[in-house]
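Student: So the chains spell out like this:
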Amino acid sequence: MPDDDQTTIEVRALTAGYAGRVILSDISFRVRRGEVFMILGGSGCGKSTLLKNMIGLYPAISGEVLIGGADIVGAAGPARQKILRRFGVMYQSGALFGSMTLEQNVCLPLEEWTRLPASARSLLARLKLQQVGLGEFADYLPSEISGGMQKRAAVARAMALDPGILFLDEPSAGLDPITSAELDALIRSLSRNLGITFVIATHELASIYAIGDRAIVLDRGAIVAEGSPSELREHPTNDYVRAFFRREPERARAA
Amino acid sequence: MPDKNPASPGVLRVREEGGSTVVELRGRLDDETVARCWREAVDAERAAAGGVVVDCSGVDFCGGAGFALLMAIEEAAKERGRAMRLEGLAPRFRALYDAIDRAKLEKPDVPHRGQGNWIADIGYSTAVRAGEWREETEFVGEVTAGLVALGRHPRRLRFREWWMIVEKTGTSALGIVALISFLTGMIIAFQAAVPMGQFGIDIFVVNLVGLAMVRELGPIMTAIILAGRSGSAFAAEIGTMKVNEEVAALTTMGLDPVRFLAVPRVLAGIAVTPVLTVYSMVMGVAGGVVVMMMRGFPLIALTNQLAGAVAPQDIFAGFIKSFFLGAAVAGVGCMRGLQTGAGATAVGDSTTRAVVAGILLVVIIDAVFAVVYYQLKF
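Chains as they are written, first to last, in numbering that gives the first Met the number 0: chain A, 0 to 254; chain Z, 0 to 377.
Please note: incorrect hints may appear among the correct ones.
[What the hints assert, rightly or not] Beta-carbon label-pair distances, calculated as ranges:
| # | chain 1 | residue 1 | chain 2 | residue 2 | range |
| --- | --- | --- | --- | --- | --- |
| 1 | Z | 84 | A | 180 | 44 to 52 Å |
| 2 | Z | 253 | A | 27 | 45 to 53 Å |
| 3 | Z | 102 | A | 181 | 42 to 50 Å |
| 4 | A | 219 | Z | 248 | 27 to 35 Å |
| 5 | A | 18 | Z | 190 | 51 to 59 Å |
| 6 | Z | 347 | A | 92 | 46 to 54 Å |
| 7 | Z | 123 | A | 27 | 35 to 43 Å |
| 8 | A | 247 | Z | 248 | 28 to 36 Å |
It should be emphasised that the hints constitute simulated quantities derived from the structure, not laboratory data. Even for Gly, the Cβ is constructed at its ideal location relative to N, Cα and C.
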């Protein structure tokens, strides 16, 4: 465990990419327990790659990702399963299983990982769905509800096992401002009431100001700034950060 | 905090106090500890003579499973017409517990979909089936119209894409068609040679293999392989495009999905199947000939026998049939693809339906041709 007891995730000198191409180089940062941490940057800057490396979906080229003190990069077998149970993930599209109702979607991890009786699982799944505001829709199929509802249902599924950390990939992508604000409010309330740590990859400025405690800004595969969203906005460390927060078109920059 | 390791295993204690049952919960209420004490806790409530008090003053973490347990005890108490009293739950958990909307947790009496009455079900399935019939008829018409239009303006065919489809459905299938046809020819020859040899007519095995492969098995085997390889691929490909709204994108760009997606594939099926069929006939007959040579017949005797048995019109009969088989198998694959609903399961369903319908059509078309040829004495 790192020296600071408040750290729940630590990324150390992470270099990652696919097929021999390096997309992220030498990334290091820490996420504190209970905060809403945001990974910011434009399209194609490596946000999703970083997130997918943090959840162990892709193997890193080098470096470490410590989740609760355990390195997910080299972990395998039961050790890896143990780390995976510490967090939940909401994918950009929601990734709900189309053949199952929302309740069955949320029940799936419970069936696999707990020994709760069926009635308890069903009740728990309904509770989780209610926490995200979908109590009445437990018997619906994902195709029968809207995109915003699917994302909320995906959050409920990610929370099924009461993980301490939730990773969200572009939660507001494709949502209208009202639905997006509702999702932000949900994230805030889960963070306050349940003490869940959030790691969110996004480029939605409204969400960043509304819920972000701390953020890093990625540009061309490296961290270019770190701090609270308001700090970053008021005191941008370079032109890219300034352009990002002021929604300005980026001027031609030296390659 | 959710991150910490579970602390105490013994979470449940039940005691009687002043005429009511006290269910005392302690430590961490997570899925692991709750799973262990669920039945006991709910049973304690059911067995209680008087009221029930749930004492949570010793609880230091209450996860989703903990709330589910509290709800279950509350429900059980309500069924008995009593109220559960919850004591000592830390304020931050208490707030979450109080926020639970009991009314919305209950399963609805009428499911929002599914079981209606059986008359409605029959009506519904009939309407669905009739709609499909209509769609299928329209599809056949649209593809035919598309093919005719293409015949008039051949340049409208996107040749590079069409050629890719031809390569995938045709060239890549050569190996499997050769193997299956050759083995089929061999198997028929082996099976027939023994009983026919008992009557000293084993030279006629060549007639049998020749006619069977050329008139029936060559076209049928090829079409069935095509249904399994390419009909399924067409359905999955177009089905995924439908799910990803690519088909919708085509429509909004003013491009007819049938002309754009189905017509080139059907045309590829029509172009490729006859060639593969002839190839299959040759390989099947070769399989039979190899077996007969192994039984000691000279090649020249076999070829002479074959030339006498299989007339050019037999080859022609199989060849003509293969155009229709190819069009049907490719068409039904595309049609099932375009009928795909929403989600990953729907793509799987379309693929299955494409292969099943493809094979069924092959048999039906073959039967129709058998009758027609018989009437024409062809």
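Student: Assuming the hint says 44 to 52 Å, is it satisfied by the Cβ distance from residue 84 of chain Z to residue 180 of chain A or not?
Tutor: Given a distance of about 38 Å, which is not inside 44 to 52 Å, the answer is violated.
Student: Range first: 27 to 35 Å. Now tell me if the beta carbons of residue 219 of chain A and residue 248 of chain Z are that far apart.
Tutor: For residue 219 of chain A and residue 248 of chain Z the Cβ distance comes to about 31 Å; the hint holds.
Student: At the C-beta level, are residue 253 of chain Z and residue 27 of chain A separated by a distance inside 45 to 53 Å?
Tutor: holds, 52 Å
Student: Are residue 347 of chain Z and residue 92 of chain A spaced within 46 to 54 Å by their CB atoms?
Tutor: Check failed, 19 Å falls outside 46 to 54 Å.
Student: When you take the CB atoms of residue 247 of chain A and residue 248 of chain Z, is the distance between them in 28 to 36 Å?
Tutor: holds, 32 Å
Student: Given the range 51 to 59 Å, decide if the beta-carbon distance of residue 18 of chain A to residue 190 of chain Z lies inside it.
Tutor: holds, 52 Å
Student: Given a hint of 35 to 43 Å, does the C-beta separation of residue 123 of chain Z and residue 27 of chain A actually sit inside it?
Tutor: violated, 60 Å
Student: Does the Cβ pair residue 102 of chain Z, residue 181 of chain A satisfy 42 to 50 Å?
Tutor: violated, 21 Å
In summary, the structure is inconsistent with hints 1, 3, 6 and 7 from the numbered list given earlier, while agreeing with the others.
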